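J.: Sequence:
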Amino acid sequence: MEEQARLRKKEVRMLARKEVRASRAALVVWAAVIVALVLANAEFGKGLGVTPARRIVNFAPGLEKSVQMGIVNSEAKQTHVVIAVQGELAQYVSLPTRELTLEPRETRSLSYRVRLPDELEPGEHRADIVVLELPENLGEGNTIGAAVAVVSQFVVSVPYPGKYAEASFDVYQSQGVVSFVTAVTSKGKFDLARVKARVEVFGALNEKVAELESEEVGIASQRRKELVVKWEPGKEVKPGKYRAVATLFYDGKTKTLEKEFSIARQGVSVEGIEVRDFRLGEIAKFEIVVRNELGEEISEAYGEVNVFDSESKELLASFRSPTQALEPGERAVLVAYWDTEGVKPGSYDAELIVRYTLPRSEKLASEGINKSVGE
1 MEEQARLRKK EVRMLARKEV RASRAALVVW AAVIVALVLA NAEFGKGLGV
51 TPARRIVNFA PGLEKSVQMG IVNSEAKQTH VVIAVQGELA QYVSLPTREL
101 TLEPRETRSL SYRVRLPDEL EPGEHRADIV VLELPENLGE GNTIGAAVAV
151 VSQFVVSVPY PGKYAEASFD VYQSQGVVSF VTAVTSKGKF DLARVKARVE
201 VFGALNEKVA ELESEEVGIA SQRRKELVVK WEPGKEVKPG KYRAVATLFY
251 DGKTKTLEKE FSIARQGVSV EGIEVRDFRL GEIAKFEIVV RNELGEEISE
301 AYGEVNVFDS ESKELLASFR SPTQALEPGE RAVLVAYWDT EGVKPGSYDA
351 ELIVRYTLPR SEKLASEGIN KSVGE
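Under this note's numbering, the sequence shown is numbered contiguously, ending at residue 375.
It should be emphasised that the hints constitute simulated quantities derived from the structure, not laboratory data.
Watch out, some of these pointers could steer you wrong.
[Claimed, not checked] Lysine-lysine pairs mimicking DSS-like chemistry, simulated, CA-CA at most 30 Å apart: (1) Lys77 to Lys255; (2) Lys225 to Lys77; (3) Lys225 to Lys189; (4) Lys253 to Lys344; (5) Lys259 to Lys238; (6) Lys285 to Lys235; (7) Lys230 to Lys65; (8) Lys238 to Lys196; (9) Lys163 to Lys255; (10) Lys235 to Lys189; (11) Lys253 to Lys65; (12) Lys285 to Lys196; (13) Lys208 to Lys235; (14) Lys189 to Lys255; (15) Lys253 to Lys238; (16) Lys285 to Lys163; (17) Lys208 to Lys225; (18) Lys189 to Lys238; (19) Lys235 to Lys253; (20) Lys241 to Lys259; (21) Lys285 to Lys253; (22) Lys285 to Lys255; (23) Lys196 to Lys253; (24) Lys259 to Lys225; (25) Lys208 to Lys189.
Here the structure is a predicted model, which is why all the values come from computation and not from measurement.
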C-alpha cells in the first residue's frame, strides 16, 4: 500500500510538471489540481500578499467590469505562483493568465474581467481569486509539501426587497476603555430611517453589570454605519469573562447579537502605525507595531485594516497583514498593503484591528487611525 501511494504521488507530480508545459486549456486543469492538492496544507499570507483582500460591488444586471488586484512578493527570492478562481461566481470571472513569476520584492498588477448574469438572489455572492505559491520541492521527494496561498475576494451585493439590515457586533478594548461596535449595512432597496443599538453587559452569573444605548441614525440603502458606545468599567467590575448583548432596533424591527469578552490586562498592545508616503494608484504600505504583553506565546496575530469614505462611511477596502506568532514580550511589525488603484483624492478613515489567538481563547485589540489621502 505504501509503495502504491508513493507511485501515485509521483504520478501526480509528473502530471503537474507536464501540464504546466501544455496548452492554456490544460493549464487551467493543472492550476485547479495544484490548488486542490496543496490548499489544505497552505500557510496563508506568509511571504505572499494580495490587494485588495476584499472588493465589494453593487449588483447590476449584466454588469461587465475590469477589476484590478495586486500580487505582492515580500520575499527576497523569485516566486512562481498559479492563479485560480473558486466560489459561486467563479464562472463569471475571466483571468488574463493562470501562472506568474514574481521577482524578489516585486508587486505585480493583474486585471481580471467580470461579467455578471442578469439575475442573482438577494444577498452577497462571492468569487475567490486564489494565488498559490508553488512549493520549491514540487517534483522532488515523496510529498508535494506545504505551499503559501492568499485570496482576494470579489463580492457582489444584491439588495433585498423593502428594508433590510445586516449587522455585526464586535468588542474592542484599548487603555481600559471597552468599545461596543455594532456595524449596520442597509441591504434593502429602501433607506433605513431610524436605527439605534442597545448594549447590555452580563457577568459570569448572568447578572447585568451595564446597559448602554447608541444615538439614533438613518442609513441610506447600500450604505454602512457604525453605532459605537463606550464603557469604562469601574473598580467594582472584576477581571473575568463577560457577555455583551446588542439589540439593534431599525424601523420597527429588531436583531440581537452577542459577543463574549474578557476584562484583564491587555494581551497585545498597539504601539503605533506608520503609513509611508504614497501616490494614488500605488500600493500603500501600513506598518503596525505591536507588542505581546503576556507571559505566554500568542500563536496567531495579524492586523486588519478597513478603509471607509469619511463622509458616506462606505467601506472602500479591507486588507490584512500575514499571520505570525509572537513570543512573550516580543515587539513586532505587522505589514499590510492597500492597492489604491482607482481611489479618488479625498479624506478616508482607516480602522485598524489587531486580532490574535491565545491557546484557550480569542481576544481583540484595536486602535483607530485617520489619514487624509490626496493627490
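J.: State for each hint whether it applies.
T.: Evaluation of the provided hints:
In summary, the hint linking lysine 77 to lysine 255 is not supported, as the alpha carbons are separated by about 50 Å, beyond the 30 Å threshold. For the suggested pair lysine 225 and lysine 77, the alpha carbons sit about 43 Å apart, so the restraint of at most 30 Å is broken. Simply put, lysine 225 and lysine 189 have alpha-carbon atoms about 16 Å apart, close enough for the 30 Å limit, and the pair holds. For a cut-off of 30 Å, the pair hint linking lysine 253 to lysine 344 is broken: about 36 Å separates their Cα positions.
Proximity of lysine 259 to lysine 238 is assessed by CA-CA distance (about 18 Å); at most 30 Å being required, the pair is judged to hold. Distance restraint check for lysine 285 and lysine 235: the Cα-Cα separation of roughly 40 Å exceeds the 30 Å cut-off, and the hinted pair is therefore not satisfied. With a C-alpha separation of about 41 Å, the suggested pair lysine 230 and lysine 65 falls outside the 30 Å cut-off, and the hint is violated. Our distance criterion of 30 Å between C-alpha atoms is met by lysine 238 and lysine 196, whose separation comes to about 29 Å.
A threshold of 30 Å between alpha carbons decides the hint, and for lysine 163 with lysine 255 the separation of about 13 Å falls inside it, so the pair holds. Under the criterion of a C-alpha separation no larger than 30 Å, the hint pairing lysine 235 with lysine 189 is inconsistent with the structure, at around 47 Å. Using a Cα cut-off of 30 Å, the hinted pair lysine 253 and lysine 65 is violated, with the two alpha carbons roughly 36 Å apart. A hinted pair counts as satisfied when its Cα atoms are at most 30 Å apart, and lysine 285 with lysine 196 does not qualify at roughly 35 Å.
Distance restraint check for lysine 208 and lysine 235: the Cα-Cα separation of roughly 16 Å lies within the 30 Å cut-off, and the hinted pair is therefore satisfied. A threshold of 30 Å between alpha carbons decides the hint, and for lysine 189 with lysine 255 the separation of about 19 Å falls inside it, so the pair holds. Between lysine 253 and lysine 238 the CA atoms are separated by roughly 35 Å; this puts the pair beyond 30 Å, and the hint is violated. The suggested pairing of lysine 285 with lysine 163 is violated, with an alpha-carbon distance near 38 Å, which exceeds 30 Å.
A distance of roughly 27 Å separates the Cα atoms of lysine 208 and lysine 225; the hinted pair therefore holds under the 30 Å criterion. Distance restraint check for lysine 189 and lysine 238: the Cα-Cα separation of roughly 45 Å exceeds the 30 Å cut-off, and the hinted pair is therefore not satisfied. Restraint check for lysine 235 and lysine 253: the C-alpha separation of about 36 Å exceeds 30 Å, so the hint is violated. A threshold of 30 Å between alpha carbons decides the hint, and for lysine 241 with lysine 259 the separation of about 11 Å falls inside it, so the pair holds.
For the proposed pair lysine 285 and lysine 253, the alpha carbon gap of about 42 Å is over 30 Å, so the pair is violated. Of the pairs offered as hints, the one joining lysine 285 and lysine 255 is violated, with about 37 Å between alpha carbons and a cut-off of 30 Å exceeded. Using a Cα cut-off of 30 Å, the hinted pair lysine 196 and lysine 253 holds, with the two alpha carbons roughly 11 Å apart. Note on lysine 259 and lysine 225: the hinted pairing holds, with a Cα-Cα distance of about 19 Å set against a maximum of 30 Å.
A C-alpha spacing of about 37 Å is found between lysine 208 and lysine 189, which places the hinted pair above 30 Å, so the restraint is violated.
In summary, the numbered hints that this structure violates are 1, 2, 4, 6, 7, 10, 11, 12, 15, 16, 18, 19, 21, 22 and 25.
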